[in-house]
Amino acid sequence: MSLFSFLGTLEIGLIYGLVAIGVYLTFRILDFPDLTVDGSFTLGAAVTATLIVMGVNVFLATLAGTIAAACAGLVTAWLNLRFDILHLLASILTMTALYTINLRVMGKPNVALIMEPTILTPFEGIFGLPDMYMRVIFVAVCAVIGGLLVAWFLKTQYGLAMRAVGSNKRMAQANGIVVKQKVYAGLALSNGLVGLAGALFAQTNGFADSTMGIGTIVVGLAAVIIGQSLFASRSMYVIVLSCIVGSVLYRLAVSMALNADFLGFSASDLNLITAVLVALALIFPKLRNEWKAKQAARNEA
Amino acid sequence: MISCKDLHVTFNRGLPTEKLALRGIDLTIPQGEFVTVIGSNGAGKSTLLNTIAGDIKSTKGQILFGDRDVTKLPATGRTADIARVFQDPLAGTCGDLTVEENMALAYGRGQRGRLSSALNSKMRNVFREQLSRLNLGLENRLESEMGLLSGGQRQSVSLLMSALQPSTILLLDEHTAALDPKTAALIMDITSQIIAEKQLTVMMVTHSMRQALDHGSRTIMLHEGKIIFDLSGEERAGYEVKDLLNLFAQARTDGEELDDDKLLLGA
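In the order they appear, the protein sequences are chains R and L.
In terms of our numbering, the first sequence is residues 1264 to 1564.
In terms of our numbering, the second sequence is residues 32 to 298.
Some hints could be false.
[Claimed, not checked] Calculated lysine to aspartate or glutamate pairs in the EDC-like style (CA-CA distance at most 20 Å, straight line): (1) R:K1432 x L:D86; (2) R:K1432 x R:D1294; (3) R:K1418 x L:E174; (4) R:K1432 x L:D100; (5) R:K1418 x L:D127; (6) R:K1443 x L:E160; (7) R:K1549 x L:E174; (8) L:K36 x L:D100.
Calculated from the structure, these hints are not laboratory results.
With the hints as extra help, turn the sequences into a complete structure.
Written as structure tokens, this is what we have:
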């Protein structure tokens, strides 16, 4: 793998680290499998790209994309909490609706940002760094700051209440926690992070496309699982940052699989590789435990 | 003080499966009184407790805490006054969180979730001190995951959690039923201590006639959503388990069959 493609892989891995943190919040913290992210990733990108093309300040545009995605999360939460639609189905409905909304936002299937200013523009040439390093450092800083803020949040009273809601609703309620409010907040935060990732992706890659969000959930989940099986810890900081590391490792693994000539994969094999990697990451902890149990039994005998 | 006035609860109202769970409960429990609640399965004991706690909306009638009408208040709005311990030891705590995190949640009960740190050393000291009362060595396991503790240990912690905040009402829904006899005795012992210390108004649902008579100062029996008798004072002091069983038998002949004979053996 060339240095250039390595840095590119790192960059995408770090951006998807934010997606992974969002997915961790819904799947693990709230126990609310949320597929909205496939749509909200694109929504964040679409809103940001469209606003930038219209001449809006890049930071405001990024913020707008993030907020729009957070609102998409609120819609899913509302469908589930107000009308008792199964969480998975509620999120699929929002995701489906978002496909059309994203096309409407952009007015066409994709928006190019090649000639536009982006969030990276103000940092070009900073400290005399070549652009390809600056980009990686920029997204790394974004991902780590995002991760630290989320970890800090989860350790506050409000964050702890949110974790209780995901773990035991009845207990949470008996302790005066307003369950619905925490679910709304959690889904908004999760999708906001995913939307921010979409906005950053659009700006670093120079386009927003209506299909760019497909499979976001799987990638996010893969990152969470890889991160957690490598760094077993109870510390919120370790857990959240391991999502980012998991995302980078996942990207590197995919990239290596695609680049290994003897395997003969081409770019169109990406989805199979993704599925196999996620399946392996899911199978690994189970097999490891079974193996440990066997070892223990042998030692006793 | 808890007062229920003509309290009705109907499930699946207007549907073919409609069920009248509570049919006009009139009950006044003065501040500091400990009431035990008995009755057959489906008599409405848990429904009554859950309605007072706010989990179930009443269809008719009023609930007051002191002079305050709380009938319309949701469960979360009542948690400043009410602490609860459930029958299922797993229901009162979060298995995914640590012991100290669980206790921090109870410590903040009735307050709004804030963006300040959920745990600090002052809280940890309080938790350690409280946990040491149990003599289970849990004071050294603050950072253990709750899911790793046994059912009895978890129930003990739930009980302590219910007493971490200054509430005035304690609702116990068969909180020793799922425990082995030794642990049940320990839990009941700590329950009595906490109640005495904090002078709580208590309602305890139980299937054990022995427990119903040994604890508290008043016993009520529910049958088909109504209070069919209310014992206190000297009359109650003269009661034996067999007298209660007779009353159950009476309820059976007066009304329809009791659904479950098990409870008659629950002495």
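Results for each hint:
| no. | hint | result |
| --- | --- | --- |
| 1 | R:K1432 x L:D86 | holds, 12 Å |
| 2 | R:K1432 x R:D1294 | holds, 11 Å |
| 3 | R:K1418 x L:E174 | holds, 14 Å |
| 4 | R:K1432 x L:D100 | violated, 26 Å |
| 5 | R:K1418 x L:D127 | holds, 14 Å |
| 6 | R:K1443 x L:E160 | violated, 34 Å |
| 7 | R:K1549 x L:E174 | violated, 25 Å |
| 8 | L:K36 x L:D100 | holds, 11 Å |
In terms of the numbered hints stated before, the structure departs from hints 4, 6 and 7, listed from lowest to highest.
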